[in-house]
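When you get a sec, could you build the whole thing from the sequences and use the hints?
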Amino acid sequence: MGKFIVRRVFLAIIIIILGAFSVYAVIRLLPTSFIEKIARERATLPGGKSYAEWLKQLNAIYRMDSNVFAGYAGWVTDAIRGNFGDSWVYNIPVTQKFKDVIWYSVALNIVTFFLQTAIAIPLGITAARKQYSKTDYSITVIALAGISLPSFFLATILKFAFSLKLGWFDLYGIVGRNHEFMSSFGKILDMSYHLVLPVITLTMLNIGGLMRFTRTNMLEVLNTDYIRTARAKGLSERVVINRHAFRNTMIPLISYMSYLLPGMFAGSLITETLFRIPGIGYIAYGAMIGGDIPFTMFYSVFLIILTQLSLMIADIMYAVVDPRVRIN
Amino acid sequence: MNENRPKNEKHTPSGPAHESASTTELMDEQVVNEEILVREHHVKVLSPGMMVLKRFIRNRLAITGLIILVVMFIFSFIGGLLSPYSQQETFYSTESMFKDYASATKNTELRYTVKEDEAFSKGAYARFLLSLGKQKTVFESDGKTYSYREIGDDFYIVEEDKILSEVATRKNLFAYKDAKGYTTSQGMREAFEKAYIAKEDNFVFENEEYQIIRDKIAAFIAQPIDVAVASYLIFDPVNQEDSKYINSYDFRVDSQKAIDLRLTEFTSNGQSFDIEYLDGSILMNRINSGMKEPFAVASDMIVNAISPDIFLNVEFKEAVLDAITDSESSVVIPNAAGEDVYYRIELVNSIYTIKSEVITRVIDMYHQPDSKHWLGTDQNGMDLLTRLMYGGRVSLLVGFIVVLLEMIIGIIVGGISGYFGKWVDTLLMRFIDLFNSIPYFPIMIIAGAVMDTMEVDPYLRVFYLMIILGLLGWTGIARVVRGQILALREQDFMVATEATGIRVSRRISKHLIPNVMPLLIVQATMSLGSIILTEATLSFLGLGIKYPIASWGSIINAASIPYVVTNYWFVWIPAGLLILLTVLGFNFVGDGLRDAYDPKMKR
Numbered sequence: 001m002g003k004f005i006v007r008r009v010f011l012a013i014i015i016i017i018l019g020a021f022s023v024y025a026v027i028r029l030l031p032t033s034f035i036e037k038i039a040r041e042r043a044t045l046p047g048g049k050s051y052a053e054w055l056k057q058l059n060a061i062y063r064m065d066s067n068v069f070a071g072y073a074g075w076v077t078d079a080i081r082g083n084f085g086d087s088w089v090y091n092i093p094v095t096q097k098f099k100d101v102i103w104y105s106v107a108l109n110i111v112t113f114f115l116q117t118a119i120a121i122p123l124g125i126t127a128a129r130k131q132y133s134k135t136d137y138s139i140t141v142i143a144l145a146g147i148s149l150p151s152f153f154l155a156t157i158l159k160f161a162f163s164l165k166l167g168w169f170d171l172y173g174i175v176g177r178n179h180e181f182m183s184s185f186g187k188i189l190d191m192s193y194h195l196v197l198p199v200i201t202l203t204m205l206n207i208g209g210l211m212r213f214t215r216t217n218m219l220e221v222l223n224t225d226y227i228r229t230a231r232a233k234g235l236s237e238r239v240v241i242n243r244h245a246f247r248n249t250m251i252p253l254i255s256y257m258s259y260l261l262p263g264m265f266a267g268s269l270i271t272e273t274l275f276r277i278p279g280i281g282y283i284a285y286g287a288m289i290g291g292d293i294p295f296t297m298f299y300s301v302f303l304i305i306l307t308q309l310s311l312m313i314a315d316i317m318y319a320v321v322d323p324r325v326r327i328n
Numbered sequence: 329m330n331e332n333r334p335k336n337e338k339h340t341p342s343g344p345a346h347e348s349a350s351t352t353e354l355m356d357e358q359v360v361n362e363e364i365l366v367r368e369h370h371v372k373v374l375s376p377g378m379m380v381l382k383r384f385i386r387n388r389l390a391i392t393g394l395i396i397l398v399v400m401f402i403f404s405f406i407g408g409l410l411s412p413y414s415q416q417e418t419f420y421s422t423e424s425m426f427k428d429y430a431s432a433t434k435n436t437e438l439r440y441t442v443k444e445d446e447a448f449s450k451g452a453y454a455r456f457l458l459s460l461g462k463q464k465t466v467f468e469s470d471g472k473t474y475s476y477r478e479i480g481d482d483f484y485i486v487e488e489d490k491i492l493s494e495v496a497t498r499k500n501l502f503a504y505k506d507a508k509g510y511t512t513s514q515g516m517r518e519a520f521e522k523a524y525i526a527k528e529d530n531f532v533f534e535n536e537e538y539q540i541i542r543d544k545i546a547a548f549i550a551q552p553i554d555v556a557v558a559s560y561l562i563f564d565p566v567n568q569e570d571s572k573y574i575n576s577y578d579f580r581v582d583s584q585k586a587i588d589l590r591l592t593e594f595t596s597n598g599q600s601f602d603i604e605y606l607d608g609s610i611l612m613n614r615i616n617s618g619m620k621e622p623f624a625v626a627s628d629m630i631v632n633a634i635s636p637d638i639f640l641n642v643e644f645k646e647a648v649l650d651a652i653t654d655s656e657s658s659v660v661i662p663n664a665a666g667e668d669v670y671y672r673i674e675l676v677n678s679i680y681t682i683k684s685e686v687i688t689r690v691i692d693m694y695h696q697p698d699s700k701h702w703l704g705t706d707q708n709g710m711d712l713l714t715r716l717m718y719g720g721r722v723s724l725l726v727g728f729i730v731v732l733l734e735m736i737i738g739i740i741v742g743g744i745s746g747y748f749g750k751w752v753d754t755l756l757m758r759f760i761d762l763f764n765s766i767p768y769f770p771i772m773i774i775a776g777a778v779m780d781t782m783e784v785d786p787y788l789r790v791f792y793l794m795i796i797l798g799l800l801g802w803t804g805i806a807r808v809v810r811g812q813i814l815a816l817r818e819q820d821f822m823v824a825t826e827a828t829g830i831r832v833s834r835r836i837s838k839h840l841i842p843n844v845m846p847l848l849i850v851q852a853t854m855s856l857g858s859i860i861l862t863e864a865t866l867s868f869l870g871l872g873i874k875y876p877i878a879s880w881g882s883i884i885n886a887a888s889i890p891y892v893v894t895n896y897w898f899v900w901i902p903a904g905l906l907i908l909l910t911v912l913g914f915n916f917v918g919d920g921l922r923d924a925y926d927p928k929m930k931r
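For the record, the sequence lines run as chains A and B. Numbering-wise, the first sequence is residues 1 to 328 according to this note's numbering. Numbering-wise, the second sequence is residues 329 to 931 according to this note's numbering.
No lab work stands behind these hints: they were computed from the structure. One or more of the hints may lead you astray.
[Unchecked claim] Calculated pairs, BS3-like style, for lysine-lysine (alpha carbon to alpha carbon, straight line, at most 30 Å):
hint: 1; chain 1: B; residue 1: K750; chain 2: A; residue 2: K134
hint: 2; chain 1: B; residue 1: K750; chain 2: A; residue 2: K3
hint: 3; chain 1: B; residue 1: K490; chain 2: B; residue 2: K572
Owing to the predicted nature of the structure, the values given are computational and were not obtained by experimental measurement.
Have a look at this one:
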């Protein structure tokens with residue numbers, strides 16, 4: 001087991017290094033005129049440096065003067081020490097900006113996670129129990145509709161209904177107009193209030209996947225022989241479902257949800273952008289749109305690490321559950 | 329797939345066939361047996377594909393999805409042909425706007441006209457106004473003495489007491505020093521001397537009155553001469569070339585005198601004029617050999633054009649003044665081209681503003697849905713229904729091409745990986761892991777931003793978008809193909825193909841690929857939906873497909889402005905519903921196909 005984990009972590013590290021290199025190479029592939037344009041734009045800002053100075057600085061930061069490998073090696077050397085450079089758009093160190101905004105995303109995602117688990121798992125189990133019934137059909141339709149909904153359309157409808165027509169929520173932002181004058185408890189309430197619509201959006205979008213996953217796994221378990229045995233020996237349906245079936249469904253479910261865990265830090269780029277929640281997603285979006293190379297590099301590598309973490313957790317959980325995996 | 333057949337055979341409804349056979353006569357037994365055989369054969373021979381189809385058709389959700397997709401395809405690909413409008417046809421509407429055109433105010437300032445060859449300075453004019461206010465008839469300016477007389481209502485003639493000669497007197501001796509250009513005649517001198525000795529202030533000579541101004545040692549002979557005429561009336565010539573004549577002193581005096589007395593005729597400089605008193609103005613016609621032709625218009629209102637490049641003709645002024653006097657709020661006046669123009673007259677702070685109705689052709693933005701535009705128009709004045717149709721084409725085509733691209737790459741990589749296994753498999757799977765780790769959205773956003781910066785042509789952009797989406801999304805298909813092939817490789821029929829010595833390429837194309845196809849189709853159908861979603865999201869963010877090319881996502885892009893969301897539902901709701909329905913259709917069909925292919929999902 002220990003050997004397996006060590007091997008898995010080693011693989012993850014290699015993938016992270018190579019993945020970061022790919023992103024670095026993509027950014028390096030940007031036509032130089034792009035960098036020049038940014039330098040020119042930045043040179044026109046008041047109190048700034050001249051065009052030549054900016055160009056020199058940009059080239060130095062991204063080691064455009066050296067080759068891709070040397071440049072990447074330099075970037076990695078800095079990154080390992082925690083130095084990701086200054087964000088061009090936000091004008092503060094990238095890691096500083098990251099620390100400021102990440103908790104909005106985490107709060108948003110944790111609430112969504114619990115909400116979606118609480119709704120999706122019971123619905124998935126119900127759908128599996130009553131396979132091909134009307135309930136199953138409607139739950140399937142809802143799940144597929146959730147998967148098929150464009151996030152921006154759902155967010156716009158919610159904003160249209162609850163912000164513009166009913167006026168219950170603000171259109172944008174994480175804080176209200178009077179935020180500064182509130183008590184600390186009031187501030188938290190204000191922020192939670194602003195997170196209601198984003199949470200609803202994300203929950204509706206995510207429910208479908210989890211619901212279908214639960215249903216499929218539950219169906220698989222319900223088709224097994226030991227469930228037939230449990231029924232045959234006359235156990236009540238409730239005991240069959242709760243004791244025998246659901247507990248066995250939990251195994252893939254937990255590995256699925258542990259897979260989702262690192263994703264909580266990734267932010268939700270589209271939803272945060274639509275509601276202008278200053279989480280990592282929205283901030284990164286602004287940085288990427290603004291051609292902020294340090295932030296883009298940082299965010300991309302951050303996402304790569306999170307993905308690898310997810311996969312690692314899933315694999316390890318799988319190995320924990322299934323002994324056959326460990327042997328290979 | 330090969331497993332399906334024996335299972336299905338068990339469930340074929342062969343019962344009724346046997347029943348019917350037992351009731352037939354022995355004589356026909358052979359025939360009936362044959363019939364049974366044929367029937368049984370017919371039922372049993374139902375191919376795996378037919379079984380899948382049958383199961384698929386029985387799945388109501390899948391059929392709903394299929395119907396949705398068919399409708400979407402008809403809507404996008406045939407609808408575009410049927411629509412009377414083209415994709416980028418801009419519609420215009422005329423909008424009437426009232427623009428300030430002219431203003432009219434009552435003239436509160438006395439306008440003066442100076443007689444030719446006479447001097448009446450601005451300073452003198454100011455003095456004149458002052459003394460008019462004080463009701464003093466004599467005033468001085470620039471060392472000259474002026475007086476004025478009121479001829480008629482607010483109609484004054486200013487006269488200057490002009491010194492003709494300075495006379496030095498001592499006892500009864502006179503020495504004359506005449507003003508320039510004037511010579512006192514002998515008779516006049518005698519008349520003056522007589523009056524001077526008689527200590528009179530004026531004398532008459534040849535029917536003209538002269539004044540005597542006394543000084544200590546000198547006296548002056550002065551004569552009042554009219555120098556200027558002042559009144560509130562404004563004169564406008566009908567023909568611009570007459571303006572000098574109209575503003576001449578003589579004409580002013582003659583016409584004003586006539587107007588004052590409400591005469592209908594007068595003569596000036598030997599020309600006869602006729603006067604018509606209209607509601608708000610006075611029209612003067614020149615009588616030219618018995619014919620009356622309009623000559624000038626006078627009124628106490630000033631009518632000015634707002635913009636200096638507009639010349640207001642007399643007809644316009646006349647009509648406006650009439651309308652103002654009749655306190656009408658609008659007036660229709662023909663313009664130079666003879667077209668009637670509607671003017672609105674508004675009174676603000678004693679200034680009448682004349683606004684002309686200007687009909688401008690404007691882009692028909694956010695036109696409400698009606699019979700002409702069933703879903704209204706967008707922010708560029710383009711028919712939304714038509715754009716939705718063409719947008720559907722783009723969205724669906726992008727989906728199909730990207731899936732095709734993903735399939736090609738996925739099948740090649742997954743096929744090689746699954747078939748050859750061992751180190752090739754490990755290497756390719758690690759490569760897929762690496763590829764999967766590359767974050768999707770940052771790359772797409774960088775690509776979009778770069779394309780924005782480079783100002784890539786919108787049509788070229790669609791192709792780039794397809795290539796990028798295809799290159800980023802093939803790993804899922806590769807994994808499916810690899811998994812399937814790994815499983816199939818161990819099966820007996822593959823061992824048989826190897827034993828019979830079939831070529832590798834033929835083994836892959838004839839035996840492996842067809843068996844991978846079902847799951848691949850499911851995967852492709854599902855990913856079609858997600859690609860359409862991704863494209864729409866990118867276009868919504870303004871990073872995907874751009875104007876002037878329509879796509880459903882770029883149509884919804886307008887909804888990023890709250891004003892549009894609130895007021896123009898028809899801009900964003902139909903496009904959103906179309907995306908939702910299409911993706912839902914693909915997911916329904918994909919789900920139904922998966923269930924139909926999966927033997928475990930039997931009902």
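Structure-based check of each hint:
1. B:K750 with A:K134: Not OK: K750 (chain B) and K134 (chain A) at ~47 Å, beyond 30 Å, violated.
2. B:K750 with A:K3: 21 Å, holds
3. B:K490 with B:K572: Since the Cα atoms of K490 (chain B) and K572 (chain B) sit roughly 27 Å apart, the hinted pair holds (cutoff 30 Å).
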